[in-house]
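Participant: Those protein sequences? They're chains A and B, same order as listed. All residue numbers for the first sequence refer to my numbering, where the first residue is 1 and numbers rise by one. All residue numbers for the second sequence refer to my numbering, where the first residue is 1 and numbers rise by one.
Derived from the structure by calculation, the hints contain no laboratory data. Heads up, some of the hints might be wrong.
Stated by the list, open to error - Ranges between beta-carbon positions, derived for each pair:
| no. | chain 1 | residue 1 | chain 2 | residue 2 | range |
| --- | --- | --- | --- | --- | --- |
| 1 | B | 18 | A | 296 | 51 to 57 Å |
| 2 | A | 319 | B | 261 | 52 to 58 Å |
| 3 | B | 18 | A | 16 | 38 to 44 Å |
| 4 | B | 30 | A | 113 | 23 to 29 Å |
| 5 | A | 191 | B | 56 | 30 to 36 Å |
Heads up, the beta-carbon is just placed ideally off N, CA and C, and yes, glycines get one too.
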Amino acid sequence: MTLLVDSLRLLRARVLFWVTLGISALAAILYLSIGFTPTGVSVLFGATEFKNPLIQSGSEFSELFYLGLFSKFIVGLWLSWVAVGLALISCAPVFPDFMSEGSIGIPLSKPVSRLTLFVCKYIGALLFVVVQVGLFCVIVFVAIRWRVGTWNPSIFWAVPLVTLVFSYIYSVVVLVSVKTRSVLAAVLAGVLIWFVAWLGQKSEEFLYMASHPAGAVLEVPEEQGQSALTDMEKWHRVIVGVMACLPKTGETMNVMDRLVVVGGKTGFSNSQFLAALFGQAQEDSTLDQALTRNSTSYVIGTSLLFEALILGAAAWIFCRRDY
Amino acid sequence: MSMAVSIECLRKIYRGGFEALAGVSLEVPAGSVFGLLGPNGAGKSTLVKSLLTILRPTECRGTLLGQPIGHRATLSRVGYLPEHAKFPEYLTGRQVVEFSAGLSKVPTAIAKRRTGELLERVGMTSWGDKPVGSYSKGMKQRVGLAQALVNDPELVFLDEPTDGVDPGGRIEIRKLIEAMRAEGKTVFVNSHLLAEVEQVADHVVILAKGRIVESGKVSDLTSRGRHYEIRTEGPVPPGIREKFNAQGWEVAGDRISIQAQDAGPVQPVIDALRAENISIREVREARISLEDLFLSAVNPDGTEASR
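Based on the provided sequences and hints, a complete structural model is requested.
Facilitator: So, in structure tokens, the structure goes:
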């Protein structure tokens, strides 16, 4: 408890925490300002209006659109990239500071195990994201009730999902911090693994979509097309193997689509959302298929396995080294 | 006599083969002030950190407050002020002390009461609610002392406690150490400030290159070179000097040195001087200082001297 209270004090003392919180609040208020009119969508509390034949007040697509904005833009972009990035920068010094000469001696000389100290410090850093995303979701929760007319607690799935994404990358930051005590090296390692994970996921997604075409998309001779598909499948299998060992940051965020409730049903259709956004009633389901190609348990399970291995190595170093 | 710390063998070899402690063995009587002295790099901090599990000794046999060294629960009965103590700058002095209490598993209500008392004791009441970032080095050291005592420890390790503290503060810290001894606590002071340790310690150990080169009660060690000095008004005349030298008394200018454990052997010298009508300016008992002892055990470049 003492360590968690200290973590909250640490967060409160970090300028970046308040900066991120402020920007998050602004983004949430911007979201709150989006409403519906009989002819389309209004933003900035009615200051500007965009006409749309499908997304209008009272239309069946309004809830889909509003939750789509939350899922795709707010969770998918703001929370999973900017907020996580700022949280990484802000939390990167937590372990190097804690382990510095003159600081670590007092906690280690207490009747608290090194592992407990390590775990509490790690959880304390995760609080940064939990508090940020939690507050954000509360504003969004109110916004959805106001604009769409329903209480939608499923949006709070964003809290554990964004925290999970942060924790995958932060585990690498912690490992490098504990090994080198260098904040810069830790941040660089975190950014690197994040980029590699993103690149791997996008490559895998592309190869999946290319090797699993919905309908006749290849206007080439059948034999040549089959050969190309076989190659694609082969490469897809290779990259799936590689990605199995890496954290799935983007896919973990996409799990939000499977958990959010739209129109009383669990599951959010990206294809339907994009079609509605561009005023089309018919959608192409290829994107939905691609985004749900891996099961939730595979996506989160393999990522957590990665995190557990990295954190285990970090904890081992932390517990065994001399200070 | 019960021992607060009893080390049978403590060895630490760092990665790379550097031997910081070469199988040290020592005992710290309970309720005493114990001084661990030595030049920089002697292994003083390594020894303290080994006892407190901050680093992992290569070989360690012994007890701390009756439990094997490394027994984690026993650490709740121990206080520690590290050298160059650094506290999170976002905490106030009060929060630093309460944080230490929490880690030592002191109940919240007791911790709050003790924190107030200790801040007053170290003269930090008015600064207690200000962030540590605004403190001077001496203030940080005072808060460090308060956090080391918040769990009402039986054994307190103070690593260079007067580091960065002004002369007034040093006197206060010395009084605090004496008060701890009066309360029955064992105080283990790690310092290179010999005069300070000499004033407060009951027992000392001098460490050099990871080995104990001198140890014992301060009173015994400093009385080892006990002698008496008589100073005359002007140089001792040559005839008398020869007579005194023949008796084994050392004469240099106006000073006569007599090796003796008590004042008895001094009396004939005084009589002889007075018989010759030589005026005596001063008679004093001289003891070896801890500093002299330290220098005789450790030569100036920090290497071990022969015992």
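Participant: Work down the list of hints and note, for each, if the structure agrees.
Facilitator: Verification of the supplied hints:
1. B:18 - A:296: 51 to 57 Å: holds (52 Å)
2. A:319 - B:261: 52 to 58 Å: holds (55 Å)
3. B:18 - A:16: 38 to 44 Å: holds (40 Å)
4. B:30 - A:113: 23 to 29 Å: Since residue 30 (chain B) and residue 113 (chain A) have Cβ atoms about 27 Å apart, the given range 23 to 29 Å holds.
5. A:191 - B:56: 30 to 36 Å: Given a distance of about 33 Å, which is inside 30 to 36 Å, the answer is holds.
Violation of the numbered hints given earlier is absent; every hint is satisfied by the structure.
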